[in-house]
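Student: Please construct the entire structure, taking both the sequences and the accompanying hints into account.
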Amino acid sequence: MSARQADLSCTTASNRSVEAFDLKRIRADFPILQTLVHGKPLVYLDNAASSQMPQPVIDRLVHYQTSQHANIHRGVHTLSELATAEYEAARRKLQAFLNAAEAREVIFTSGTTESINLVMHGWGRKFIRSGDEIILTTMEHHANIVPWQMLAAETGAKIRVVPMLDNGELCLDAYEKLFNARTRFVGVTQVSNALGSVNPVKQMIATAHAHGVPVLVDGAQAAPHMPVDVQDLDCDFYAFSGHKLCGPTGIGVLYGKAALLESMQPFKGGGDMILSVSFEGTVYNTIPHKFEAGTPPIAAAIGLGAAVDYLCAIGLAAIARHEHELLQHATALLGQLPGVRLVGTARHKAAVLSFMLDGVHPHDVGTLLDEEGIAVRAGHHCAQPVMTRLKLPATVRASFAFYNTLAEVDALVDGVRAVQKVFA
Amino acid sequence: MSADTKALYQEVILDHNRKPRNFGPLEQASHRAEGHNPLCGDHLSVALGIEGQTIARIAFEGESCAICKASASMMTVAVKGQALPQAQSLIRDFLAMTTGKLDADAAPQIGRLAVFSGVRNLPTRVKCAILPWHTLQAAIDSQARVSTETGAEASPQRTDTP
Chain A
1056 MSARQADLSC TTASNRSVEA FDLKRIRADF PILQTLVHGK PLVYLDNAAS
1106 SQMPQPVIDR LVHYQTSQHA NIHRGVHTLS ELATAEYEAA RRKLQAFLNA
1156 AEAREVIFTS GTTESINLVM HGWGRKFIRS GDEIILTTME HHANIVPWQM
1206 LAAETGAKIR VVPMLDNGEL CLDAYEKLFN ARTRFVGVTQ VSNALGSVNP
1256 VKQMIATAHA HGVPVLVDGA QAAPHMPVDV QDLDCDFYAF SGHKLCGPTG
1306 IGVLYGKAAL LESMQPFKGG GDMILSVSFE GTVYNTIPHK FEAGTPPIAA
1356 AIGLGAAVDY LCAIGLAAIA RHEHELLQHA TALLGQLPGV RLVGTARHKA
1406 AVLSFMLDGV HPHDVGTLLD EEGIAVRAGH HCAQPVMTRL KLPATVRASF
1456 AFYNTLAEVD ALVDGVRAVQ KVFA
Chain B
372 MSADTKALYQ EVILDHNRKP RNFGPLEQAS HRAEGHNPLC GDHLSVALGI
422 EGQTIARIAF EGESCAICKA SASMMTVAVK GQALPQAQSL IRDFLAMTTG
472 KLDADAAPQI GRLAVFSGVR NLPTRVKCAI LPWHTLQAAI DSQARVSTET
522 GAEASPQRTD TP
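Sequence lines, in order, name chains A and B.
Note that the first sequence covers residues 1056 to 1479 in the working numbering.
Note that the second sequence covers residues 372 to 533 in the working numbering.
Don't take each hint at face value.
Here are the simulated DSSO-like cross-link-like pairs (lysine-lysine), alpha carbons at most 30 angstroms apart as the crow flies [to be verified]:
{"hint": "1", "chain 1": "B", "residue 1": "K377", "chain 2": "A", "residue 2": "K1095"}
{"hint": "2", "chain 1": "A", "residue 1": "K1257", "chain 2": "A", "residue 2": "K1232"}
{"hint": "3", "chain 1": "A", "residue 1": "K1476", "chain 2": "B", "residue 2": "K390"}
{"hint": "4", "chain 1": "B", "residue 1": "K377", "chain 2": "A", "residue 2": "K1476"}
{"hint": "5", "chain 1": "A", "residue 1": "K1476", "chain 2": "A", "residue 2": "K1095"}
I should point out that these hints are in silico values taken from the structure, not numbers from a laboratory.
Tutor: Here it is as structure tokens:
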């Protein structure tokens, strides 16, 4: 079955009418949104860190454990066959979600971080030599920096960094100039978790491919918020985490082009990733199983499939539209407040708003907003290089999801005003 | 606002945040240490002029949140001019108070620092309040650098990219 024929293909869902986006019904699906924090209704604006789970996904996890669970891939009994079918069905849902050409190009991992480490170990350690160059950008999350530093330290390769403008956009001219005969790999984030900048990854991939260089896209902050088509992007690897798009923690995806994955060495060794084992010689399994050693997070993968179904039923395009409205409202209101500085003002942004209050440390802002029931994040957001580039120790970050409302944006702004009063 | 947070962001602390005492560089320091909270970006350095067994001079610098800065400011006021054994005892008492192991009422030498007692109920902010005190201890012990993430002296492993 091709990806486009899948019942809940995100491509067809995105054509649904705007009326399908019923915010009240959506919020009713998320029980945690009824929580009170310090006696106030929770205003959850930390979605870049993790997203909340709707009841249908919670129910799917419970149903799996209640009626379907057994270990997968090797059993001959009914439950094992059922669990295997559900796990592989989840893989096909992720294939459709990404519009990958084949299901075997979707590998389940424990999240974006493991996905990137898998590429480093499986591809990087096999193919990168001393003096080779790896291009990263200033705004990468530590997960797309540290594995490459580890690889560089081990192999003697060099890391080159794409510079950034003060508004949080990448310097594309400088990017192109970084390529030379030693360039072997590019790692780039599709959306900055600290600044919300949306990078022109399709264009950057084309540039890299013109030089014969493969590209890994960190999609952790993109996949939950916009339609992603890996064939259209033509990326070589794409990584993201389940818990950032309403799925469980402990599960994520690495997409890789089949030929690349087949050329790679395994990451983790153990059961399932082999065809046969003997002390005289072991034969590795085909993809995707080559990279799924041991019992996988079966329940979590099935839960991720259910989360993808849930999002696709709403439609990623509708989600992007609503979040853009939230971003515009937040940017306008906060941008007008005296003493507030917006950090990250790229022309193309996802619904992430980093900001600073004059004379008030982000940590204090976060604590005092929490007193109002507002959950934001204060710190370097696992992106110390971009903070250093902007000469900031930390920022306050509000990050929106499709279940947030304009009223919650108003609450954030009121909260910020209240914080300013405390420090006046 | 919950009682503990209200207590933390009261006038005394806000005052010390706005106008930190003994803030700035210290000429001819005899002891110095840096402290860092990587989780929130608090960063400060404490410099001492120890003469004999007394902390004759003390100053601190750095960028940090209100709780950290106020704690550092009040700390320098409290230990300036103190003999080393007294200062070390106060460090122990402050750390015990902020981690819930000591009641402020039971330690009269805590004095005005009792305003920080509520931080014991705000686990995410405890490290902010105690960072200056760990840094002071490190300066006294002549350790160059402390981090809230490794407790005592930090010797972080570097990736050393060529």
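Student: Against each hint, give a clear statement of whether it holds in the structure.
Tutor: Here is what the structure says about each hint:
no.: 1; hint: B:K377 with A:K1095; in the structure: holds (16 angstroms)
no.: 2; hint: A:K1257 with A:K1232; in the structure: holds (17 angstroms)
no.: 3; hint: A:K1476 with B:K390; in the structure: holds (17 angstroms)
no.: 4; hint: B:K377 with A:K1476; in the structure: holds (13 angstroms)
no.: 5; hint: A:K1476 with A:K1095; in the structure: holds (19 angstroms)
Every hint from the earlier list agrees with this structure, and none is contradicted.
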